[in-house]
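S.K.: Chains as they are written, first to last, in my numbering: chain D, 1 to 377; chain H, 1 to 380.
The hints are simulated quantities; they were obtained by calculation from the structure and are not laboratory data. Some hints could be false.
[Stated by the list, open to error] Straight-line distance between alpha carbons at most 25 Å, and here's what the computed BS3-like set of lysine-lysine pairs gives:
no.	chain 1	residue 1	chain 2	residue 2
1	H	LYS102	H	LYS202
2	H	LYS102	D	LYS158
3	H	LYS50	D	LYS158
4	D	LYS158	H	LYS352
5	H	LYS226	D	LYS91
6	D	LYS158	H	LYS229
7	D	LYS91	H	LYS337
8	D	LYS324	H	LYS226
9	D	LYS158	D	LYS119
10	D	LYS228	D	LYS48
11	D	LYS324	D	LYS303
12	H	LYS314	D	LYS158
13	H	LYS202	H	LYS226
14	D	LYS91	H	LYS102
[Said to hold, decoys possible] Quick list of the computed label-pair ranges, beta carbon to beta carbon:
no.	chain 1	residue 1	chain 2	residue 2	range
15	D	ASP241	H	GLU317	43 to 53 Å
16	H	ASN287	D	GLN136	31 to 41 Å
17	H	ASP345	D	HIS141	21 to 31 Å
18	H	LYS352	D	HIS141	41 to 51 Å
19	H	LYS81	D	SER81	54 to 64 Å
All C-beta atoms in this analysis are idealised placements derived from N, C-alpha and C, irrespective of residue type, glycine included.
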Amino acid sequence: MTQIVFVHGVATRHGGDYQDAVEARDRRFLDVAFGGTQAEIANPYWGKFGTDTGALKSIPDMNAAFVALGGIGGSKPGAKSATALLDAARKDFAAVVGALSVSAISLAEQSGSAEDLEKTERLAAGAAAFAVAVEQPAWLHQIADDDDFLARLTEEAKASQHDKAVPLGLLDGFQDAADNLAGGLSNLVNGPIAKAGREILTPKIAVFIGDVFHYLKGPASGRDDIRKAVLEPIIRAAKKDEKVILIGHSMGGVILFDLLSDPKTLEVIGAKTGKPFRADLLVTVGSQVGLFAEMQLYESSKKDALLPLAPPVGAALWWNVFDKMDILFFVAEPVFSGVSDFSVDTTAGIADAHGAYFSSMMFYTRLNRRLIDAGLI
Amino acid sequence: MTLVYERPIDGPKTHAFVIGCGRFSHYPNDISRDATVAGARAIVAFLRDKADELVAPLSTIELLLSDPAVEQGSDRLDLPKSAFDPRDDDKVDPALLEHAAKAGSTWTKRCNPGDHLVFYMSSHGVVERDLTAIGLFEDFYSDEDKRFAQAINVTQLSRTVSTKGAAACWIFFDACQEIVTELLEQPDGSDALVLLTPSIRKLAQTPNVCMALAGSRFGGSAWAPKGSKPPFFTQVLLDAITRSAVALMPNLGWVVTGQRLLFDLGKVADASLEIASLETEALTPFNRESAFVKIAAPEVPVVVRTMVEAHLGKAQEMVAFDAMGNPVRFKPAGDVKWRFRVPADGARYKIKSKFEPDGPTYKDQEFDADPAAQIIWLTQ
Chain D
1 MTQIVFVHGV ATRHGGDYQD AVEARDRRFL DVAFGGTQAE IANPYWGKFG
51 TDTGALKSIP DMNAAFVALG GIGGSKPGAK SATALLDAAR KDFAAVVGAL
101 SVSAISLAEQ SGSAEDLEKT ERLAAGAAAF AVAVEQPAWL HQIADDDDFL
151 ARLTEEAKAS QHDKAVPLGL LDGFQDAADN LAGGLSNLVN GPIAKAGREI
201 LTPKIAVFIG DVFHYLKGPA SGRDDIRKAV LEPIIRAAKK DEKVILIGHS
251 MGGVILFDLL SDPKTLEVIG AKTGKPFRAD LLVTVGSQVG LFAEMQLYES
301 SKKDALLPLA PPVGAALWWN VFDKMDILFF VAEPVFSGVS DFSVDTTAGI
351 ADAHGAYFSS MMFYTRLNRR LIDAGLI
Chain H
1 MTLVYERPID GPKTHAFVIG CGRFSHYPND ISRDATVAGA RAIVAFLRDK
51 ADELVAPLST IELLLSDPAV EQGSDRLDLP KSAFDPRDDD KVDPALLEHA
101 AKAGSTWTKR CNPGDHLVFY MSSHGVVERD LTAIGLFEDF YSDEDKRFAQ
151 AINVTQLSRT VSTKGAAACW IFFDACQEIV TELLEQPDGS DALVLLTPSI
201 RKLAQTPNVC MALAGSRFGG SAWAPKGSKP PFFTQVLLDA ITRSAVALMP
251 NLGWVVTGQR LLFDLGKVAD ASLEIASLET EALTPFNRES AFVKIAAPEV
301 PVVVRTMVEA HLGKAQEMVA FDAMGNPVRF KPAGDVKWRF RVPADGARYK
351 IKSKFEPDGP TYKDQEFDAD PAAQIIWLTQ
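Bound-form chain D, shown alone:
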């Protein structure tokens, strides 16, 4: 049995579809990343100690008084290119599969049907498994348009299914996903940043900054509460004398790094469990650990320390996962020794990429491959 503790990122609040999102993410981790091995996931919630986003008046309401000047070539082109997907896939097949899986899963989630969602996840997992096995399919250069591409990809996804117990049925999930992607694909084809939408990004960045400063301002700001909320499930996992894998998204990665690099925190865990603590693996996803380390914002930060810095003593292994389209990620390899950066690129729109990791079957599939290679499952 493996004990997994997942620490969420900024701007995560109870309510809405929070619980559904947690359940879906847990299922994908267990089925795909951990490949059906025995594992248990704890999801500590620290969002209640973050910034009260409703109180922020400085976030512009883009739906009210502001309109874009222009709109001739907006981020969602009216005329759909017949080869947009194919063109993008020829440049980066895995990224397109990642983007399709994010889009297909998002649509399935919106449909509210658990059965549709599960089928879509299986389809996307099959496509991701194929994209990991075959980096650049030869047929990409023998087909004419996106319809051919989607048909071939669906065939490959079906053939790559590990579990044949659930039939895939009529799968038009990728077709809808492709239609939904029209704008996002242009980020890859026309170059990043070009289509970024401030109306989407600004609130997200504001909340991100709010949560970060809320945490970093010190104990009185709620930092202790956040650390405590995260620490409790880690201690419970450590007591079980099994493999412990800690996964942190965005700010969650920052919190985990802060805890695992702080000797006092490790002493606390050691005292509670009766033995020294060291997680078998730390996975930071779309995180800013490297940036804040360079800015010396952690408990353990030392002035004038030379790069590369030491990795956190509380983790035996550390992987830092990113999507190049995610404007809120920062690499860690140039800042730390003993960390591996790896990318799970999608062609998701720049505004979506930061939250898209856990809807991308490329993420879970690549993580699965690495866990196997590292002997962790």
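Assemble the complex: chain D is given as a structure, and chain H must be docked to it using the hints.
M.R.: This is chain H only, laid out in the frame that chain D set:
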């Protein structure tokens, strides 16, 4: 200019001019490329290794290198010393316009009737408004009034070099053919180096014996791996001229031919090196049966795929049998790719596959070991 190989030969001989430019001292951004220099070194190594297998034995190599790993003035060939290397040390002149003009002139003037001329360049590349391909030298952008003049017009060279009376000319251009607005806006174009300016009458009287191939299409990009390996087009070219792009010719045996290079390089890229996206472009019309280099025992690269590619890894068994029914090649279980080579003897092979009882079924497929490459798609 830098002469790195000089061997007296009686009769037809080959003269080569090789340029690898990866350092660009005047352009404001860092656009350095290690791979271009690696490509030039690999071509020099090939020419020296195959000096006597070339249809016209190798006589001279002029080389210019701008290696981003060193400062100007410190460029070196960095290959084992050849017995025919006339230099005292390993230094090579940088790929500057001035050196290219001198070396290029010397190279073309060496040509006697019946000789072969070889030109290879790897660098950044752009295109003119008249669709000609331009290779950039280290000092491009050094003159604010003529920013693209420190370059060579490779298309024009391809169209005119036959007038020197060679039996065959081989031009390989591994660079982008990028459309750059700044260049297109210049009324007189780049004013890039033109090595030969023959008269129209001379051109009309001379059959085109030049096979000129670029590693990118007009307006497209050539690609290279990061690090010290040659660019992809050069990798494929070397594979093809070393092993597979051959035809059987009277009196010569197996030889690499211009036609094979023109039409089959993409297949070699796919079957041999897993580069499915190589896009080459001929820079001048060519329809000759010219031969470049002899290959004693050529091989045919073969790639086998299932129509649904994901099925390949699920095959319990996949075997290539020879015409006698002997199993000669086996796909390792679980591998999602299957590539192998067979002697280029035209022999017939049969691929048989076996899957789980509830898995897919694929028909047996035959192929002949004909050059330059075999791409086998198994169908259900």
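S.K.: Hints first: check each against the structure and report whether it holds.
M.R.: Hint by hint, here is what the structure shows:
| no. | hint | verdict |
| --- | --- | --- |
| 1 | LYS102/H with LYS202/H | holds (23 Å) |
| 2 | LYS102/H with LYS158/D | violated (61 Å) |
| 3 | LYS50/H with LYS158/D | violated (49 Å) |
| 4 | LYS158/D with LYS352/H | holds (23 Å) |
| 5 | LYS226/H with LYS91/D | holds (16 Å) |
| 6 | LYS158/D with LYS229/H | violated (37 Å) |
| 7 | LYS91/D with LYS337/H | holds (20 Å) |
| 8 | LYS324/D with LYS226/H | holds (18 Å) |
| 9 | LYS158/D with LYS119/D | holds (11 Å) |
| 10 | LYS228/D with LYS48/D | holds (13 Å) |
| 11 | LYS324/D with LYS303/D | violated (30 Å) |
| 12 | LYS314/H with LYS158/D | holds (13 Å) |
| 13 | LYS202/H with LYS226/H | violated (44 Å) |
| 14 | LYS91/D with LYS102/H | violated (40 Å) |
| 15 | ASP241/D with GLU317/H: 43 to 53 Å | holds (44 Å) |
| 16 | ASN287/H with GLN136/D: 31 to 41 Å | holds (33 Å) |
| 17 | ASP345/H with HIS141/D: 21 to 31 Å | holds (29 Å) |
| 18 | LYS352/H with HIS141/D: 41 to 51 Å | violated (27 Å) |
| 19 | LYS81/H with SER81/D: 54 to 64 Å | holds (55 Å) |
The structure fails hints 2, 3, 6, 11, 13, 14, 18 (numbered hints given earlier, in ascending order).
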